[in-house]
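Novice: Take the given structure of chain A and dock chain B to it, following the hints.
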Amino acid sequence: MCGIVGLFCKTETHRHELGRLTAVMLREMRDRGPDSAGFASYDAGLPDRTRITVLAEGIEVDWGPVAAALEGVLGAEVTVRAVHDHVVFSTDGDGRAARQWIIDNVAGATVLSYGSQIELYKAVGDPDLVAERYDLASRTGTHALAHTRMATESAVTTNGSHPFATGADTCLVHNGSLSNHNRLRRFLEGHGESFQTENDSEVAAGYLAWRIRSGDTISQALEGALDDLDGFYTFAIGVADGFAILRDRIACKPAVVAETDDWVAMSSEYRAIARLPGAADAEVWEPEPARIYTWSLAA
Amino acid sequence: MKRRFDLAEVSRRELNQALHDASDGESFEVLNPRGAHAVACGITADLDVVVRGSVGYYCAGMHQRGRVLVEGNASTGLAENIMSGLVHITGNATMSAGATGCGGLVVVGGNAGARCGISMKGVDIVVGGNVGHMSAFMAQAGNLVVCGDAAADLGDSIYEAQIFVRGDVESLGADCIEKEMRPEHVETLSRLLAAASPVGDGVDVSDFRRYGSARRLYNFTIDDVDALEAGQEAA
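Residue numbers (numbering that gives the first Met the number 0), protein chains in the order written: chain A, 0 to 298; chain B, 0 to 234.
Think of the hints as simulated: they come from the structure by calculation, not from any bench.
The C-beta atom is built at its ideal place from N, Cα and C for all residues, glycine as well.
One should not assume that every hint holds.
What the hints assert, rightly or not - With the Cβ distance kept under 10 angstroms, some of the chain A side facing chain B (calculated, not the full set):
#, residue
1, 123
2, 248
3, 251
4, 253
5, 254
6, 255
7, 268
8, 269
9, 270
10, 271
11, 278
12, 279
13, 284
Looking at chain A on its own, in the form it has when it is part of the complex (with noise of 0.2 angstroms):
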C-alpha cells in the first residue's frame, strides 16, 4: 500500500514549522505503511555547504579518520556529525565525488542524499518512532518528502525503505511499483548513475537525477518518465528549488493535493492534508494521470 507526504512551503509562514507539519502528516499516514518510515527536508537558510546523509545502521566506523580521508579526495575540508545511526558529512568539496567515494570505501554504508539543501532519514519500525527519533518535527525549511511504507516486493529494510535520493538534491517518494527497473538501471549504470539497492524506486530516483544532470528542468525529466518509466505510481519529487507531482496514466494509486496562498500539499489521502493549518479553505483536488505538477520557489 504506502502512504507519502510532501509539503512545500511557498511563503515564509509556515517554514519555521515544516517538520512539525510534515510529521503531522506522515503520522495519519502510519496505518498505510507502518513497517518502515523516512524523510527528506530541504532548507535553504542553511549554510551554503553540501551536506551527505549517510545510513550506518549495523556498522562500526570510527568516522574521524572517514572524514579526513574524504578531505583528501575532494580536496576540501569535511565535518561529520551522528544522527543515532545516521551520519551527516559537511564539505565545500564536490557532493557527488563524495557520494561515490563513501559507497566505494564505507563498507555497509549506504549514502541517502547529498546536496546544499537536503537531509534524508529513514528506519524500519512506527513511523512515529522514526520521526521521533531523527526529530523531523524540529526540522525548518520549504519542502519536505515523507513516506510510509508497506513493503509488497522486497524485504522490511532501511535499504527499500523511502525517500530515494541519488542525485544532488533530487528526491523522491513513490507509491507503486516499476516493472523496468531492472533495464532502466543498467542503463542509467552505464550512463554514470550508481545504486545502492535493488529497489524500484531508486531506480526511478536515479533517472530523475540522471536527467537532471543532463541538463533537464524537473519538468523535462518527469516527461521523459512518462515515457520511459513502465508501471505504476504516484510520484512526490523534490529539488533543490521546487516540487513535483506525477501519476501514471492510469492513476491506480491514490493522490490528492491542496494548496492555499502559503502552501502545497500532497498525499495519499485527505486526512494527512486536513490536519494542516487553513486546511479548511484550501482547494482540494486529485491530480490527474499523466499530468506533471510543478511548483518553484522561484515563480
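Specialist: Coordinates of chain B only, in the frame set by chain A:
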C-alpha cells in the same frame, strides 16, 4: 432533533453504530470528519445525515436508505455499491465515485476523478463538474450525467448504462458511441437534474449529448453466429 457526533471526540465506529441502530426519521450531524474513512457506511434506515467537512474513502458505502449530505470533498469510492437513497457531496470526489452502485442517486457538486461510475449497475450519478478518465467503465445499468467535460476513454466496455455529457468528451472508450437524444432521454435527464438540485439547477437539457454501448463487445451470445460475425467485423 439532530443528534450530533463530533469525530474529534468520538470514534467513527461509534458514529456508524449509532447510524445502524437509528430509526426512520432521525437526523444526524457529523463534525470534524477530517478525511476519515467509511463515514456513514451501510445506513439501512430512512435517515438524514449531514457531514460538515471532507471525508476519506468509501463514505456512505453500501447506502440503502435516507440521505447523506457531505459539505466538502470525498476520497475514493464515494457511495460504493449504493442500493438506493441519496448521497450528495458539495465538493469534489476522487476515484471511483458511485462504483458498482445498484440504485439510488449520487450527486457530486464539483468534479469527480477517474473511473466515476465504474461497473455501475443501476445507480444514477450526477456530476456538476468534470469526470476523470475511464468513467462508466464497464457500466451495466443506470445513468451518468456530467455537466462539465469527460476525460479520456469514457464508457469503455459499457453495457447498458446511459451517459449524458454537457461539455467535451476527450475520447470514447471501446464500444462506446454517441447516440440519439430521444424524448425519453430528455425526460430522464430532466428528472435527474431536478433530483440533483441545486447541482442541476438552470442547466439546459438541450446542451447534453448521449453516449452508450454499440453492443459489439457482447459475447454472451457467442452461439449466435450473426452476432459473432458482427463482432469480428467491428474488430
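Novice: Confirm or reject each hint.
Specialist: For each hint, the structure was consulted:
Evaluation of the residue 123(A) hint against chain B yields a violated restraint, the C-beta minimum of about 26 angstroms exceeding 10 angstroms. The interface hint given for residue 248(A) is met, as the beta carbon of that residue sits about 8 angstroms from the closest beta carbon of chain B, less than 10 angstroms. Among the interface hints, the one on residue 251(A) holds; its C-beta lies about 8 angstroms from the nearest C-beta in chain B, closer than the 10 angstroms criterion. This hint holds: residue 253(A) has a C-beta 6 angstroms from the nearest C-beta of chain B, less than the 10 angstroms allowed.
Annotation: interface hint on residue 254(A) holds; nearest CB of chain B at approximately 8 angstroms, less than 10 angstroms. For residue 255(A), the shortest C-beta to C-beta distance to chain B is roughly 6 angstroms, which falls under 10 angstroms, so the interface hint holds. With a least beta-carbon distance of about 6 angstroms to chain B, the hint placing residue 268(A) at the interface is held under the 10 angstroms criterion. Here the hint on residue 269(A) is kept, as its CB sits about 4 angstroms from the closest CB of chain B, short of 10 angstroms.
Contact between residue 270(A) and chain B, as hinted, is supported at the beta carbon level, the nearest pair being about 3 angstroms apart and thus within 10 angstroms. For the restraint placing residue 271(A) at the interface with chain B, the shortest Cβ-Cβ distance is roughly 8 angstroms, inside the 10 angstroms limit, so the hint holds. The restraint placing residue 278(A) at the interface with chain B holds, with a minimum CB-CB distance near 9 angstroms, inside the 10 angstroms limit. Checking residue 279(A) against chain B: minimum C-beta separation of about 7 angstroms stays under 10 angstroms; hint holds.
Annotation: interface hint on residue 284(A) holds; nearest CB of chain B at approximately 6 angstroms, less than 10 angstroms.
Checked against the numbered hints above, the structure breaks only hint 1 and satisfies the rest.
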